[in-house]
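Trainee: One line per chain: the protein sequences are A and B, in this order.
Heads up: the first sequence begins at 1 in the numbering used here, then just goes up one per residue.
Heads up: the second sequence begins at 1 in the numbering used here, then just goes up one per residue.
It should be emphasised that the hints constitute simulated quantities derived from the structure, not laboratory data.
We treat Cβ as the ideally placed atom computed from N, Cα and C, and that holds for glycine.
Misleading hints may appear alongside valid ones.
Said to hold, decoys possible - Among chain A residues calculated to face chain B with C-beta under 10 Å, some are:
1) Gly10
2) Tyr25
3) Ser28
4) Gly33
5) Tyr37
6) Tyr50
7) Phe91
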Amino acid sequence: AQKITQTQPGMFVQEKEAVTLDCTYDTSDPSYGLFWYKQPSSGEMIFLIYQGSYDQQNATEGRYSLNFQKARKSANLVISASQLGDSAMYFCAMRGLAGNNRKLIWGLGTSLAVNP
Amino acid sequence: KAGVTQTPRYLIKTRGQQVTLSCSPISGHRSVSWYQQTPGQGLQFLFEYFSETQRNKGNFPGRFSGRQFSNSRSEMNVSTLELGDSALYLCASSDTGTSRNEQFFGPGTRLTVL
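For reference, chain A alone in the conformation it holds in the complex (with noise of 0.2 Å):
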């Protein structure tokens, strides 16, 4: 079964240093594809980055880079100098790339507080 793991519920940063958000997964699917998804307090999921199981280099995205250890079967989320509107919920979500594997599967979640 897929699963993903959120190991902190909460997460402190100072605003202008580099935060990262752990995230493990475990598949048994050949090919998958890993998502980070941010939610502010107003409710909407808002799309990050993503990862292809089969890429060569780490995604990155802006600010937002992915450190993607395929042998370890993490994908750890890098936010580099945070700023205040970085507070919100992040998400960790996984998908299969075939069959019925193909809904998302998503993790619990790390609330970032960026302090001032």
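Could you slot chain B onto chain A? The hints should help.
Mentor: Chain B alone, transformed into the frame defined by chain A:
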């Protein structure tokens, strides 16, 4: 392009009633997925529709149903509401033509069952 829209944004119902939530995907997106989000269970997949057909289904009772119309708009219905159905219901659309197929979410409908 306009984003995913969901109506209504807030809803209060009583036990035993039924409710219908609506979702309009991003123009051109043919896949629509529904999720239930609660503090205790997190985000749980309800179902996915593609071209008016249910393609995937989560582990929810038959009281939860959905459909998709020819214009890709989708509705989900919950019958015989229970207190535990109180949640944020999120709809997401995706362009299945891309390899990564990321989902774009609407603002959600917050359902409260009294």
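Trainee: Return the numbers of the hints above that this structure violates; sort them in rising order.
Mentor: Those not satisfied are hints 1, 2 and 3.
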